[in-house]
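Visitor: Sequence:
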Amino acid sequence: MKILKPARLRRGDVIGLISPASAPLPAEKIEKGVRYLERLGYRVKPGEHVAAQRGYFAGTDAQRLSDLNTMLNDPQVRAIFAIRGGYGSPRLLPFVDYRAVRRQPKIFAGFSDLTALQLALFRRAGLVTFSGPLPGVEFWQKPDPYTEEHFWRLLTSTRRVGSLPNPEKQLLRTRVPGRAEGRLLGGNLSLLASNLGTKFSPDYRGAVLALEEVGENFHRIDRMFTQLRNAGILGQIRGLVLGLFTDCKPSDPAKPHLKLPEIFDEILSWVKAPTVEGFQYGHVARKLTLPIGLRARLDADGATLTVLESAVE
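Going by the working numbering, the sequence shown runs without a break in its numbering and finishes at 1337.
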């Protein structure tokens, strides 16, 4: 499969905003996110239906899909940012215009529920995407400098990405020693697990796999990792990067349960591949941007993750 990198983002370029998942945020947050992007010198084009709502979705499937495919086919739009995550992206996957993606590869950025779209865009079109901050979440107020600097560097520089360093004092920890190289895939655990067995799930053979989660009960995390094992994924990967599992807890603390470190100890006995934990991306306040689809080197002995190529052209 040919890997497609989008063109780098330049000041004056048009950024399209879409809401492919949960119901819209307050208008104030969207407006402030737009003003932030405009202050940086970009032109912003919101989708027609970004303020729509149907139950817990940001509009009907048809409305959300229309905004996405319109942005993919608009030659002026150079990047597409999801305003927020939540839930809803998986419902769009069969109807995305993947031919448009191949004709004009564009920057696609977001995290959480957007993992579903990012994995599908890689599987069906070979597009490199970015698991990173959202305008309606991180950029509507003063963004964290670490998050901001790393995000824009990946989207605007054609230099090799190089090391993905955690924030100061937030060190990666070695869980399984060793070194590995492979294509960097992953995102949010629950979205990746629910995508298995579909035609939108990438080939994980030889990959360096990154996984994080938020707000799940411990037994559900156990179940999702068990699904990865039973599907053969954990035996196919070359390396594993565990992010943070934010606000995850037992379903009933008063009842007997395994703690998260105990669950990971058992999971890692299934993996055997070099593994680190504590990678700062996804559902954390200070986050790295993860370039999905690029070749990377994991040095679990030295607890470093290095991307071996540029993210944009």
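Incorrect hints may have been included.
List of simulated lysine-lysine pairs, PhoX-like, C-alpha gap at most 25 Å [as the list claims (entries may be wrong)]: (1) K1223 x K1053; (2) K1026 x K1223; (3) K1273 x K1283; (4) K1069 x K1056.
FRET-style restraints, in silico, Cβ to Cβ [unchecked claim]: (5) R1067 x K1026: 28 to 34 Å; (6) K1026 x T1222: 30 to 36 Å; (7) L1282 x E1072: 44 to 50 Å; (8) R1067 x K1193: 49 to 55 Å.
Calculated directly from the structure, the hints in this document are not laboratory data.
For glycine and all other residues, C-beta sits at the position ideal for the given N, C-alpha and C.
Visitor: Quickly compare the C-alpha distance for K1273 and K1283 to 25 Å and report which way the hint goes.
Guide: Given pair K1273, K1283 holds - Cα atoms ~8 Å apart, limit 25 Å.
Visitor: Hinted pair, alpha-carbon criterion (25 Å max): K1223, K1053. Please report holds or violated.
Guide: violated, 35 Å
Visitor: K1026 and K1223 were given as a pair; does the straight-line alpha-carbon distance stay at or below 25 Å?
Guide: Given that 25 Å is the threshold and the Cα spacing comes to 17 Å, the pair holds.
Visitor: Just to be sure I understand the hint, the distance between the Cβ atoms of R1067 and K1193 should be within 49 to 55 Å; is that true here?
Guide: 38 Å Cβ-Cβ, so the 49 to 55 Å window is violated.
Visitor: Just tell me: holds or violated, for the beta carbon distance of R1067 and K1026 against 28 to 34 Å?
Guide: holds, 30 Å
Visitor: Do the alpha carbons of K1069 and K1056 lie within 25 Å of each other, as the hint requires?
Guide: Holds, because 14 Å separates the two Cα atoms, which is no more than 25 Å.
Visitor: Take a look at whether the Cβ-Cβ distance between L1282 and E1072 falls inside 44 to 50 Å.
Guide: At roughly 47 Å between Cβ atoms, E1072 and L1282 fall inside 44 to 50 Å, so the hint holds.
Visitor: Does the Cβ pair K1026, T1222 satisfy 30 to 36 Å?
Guide: violated, 21 Å
In terms of the numbered hints stated before, the structure departs from hints 1, 6, 8, listed from lowest to highest.
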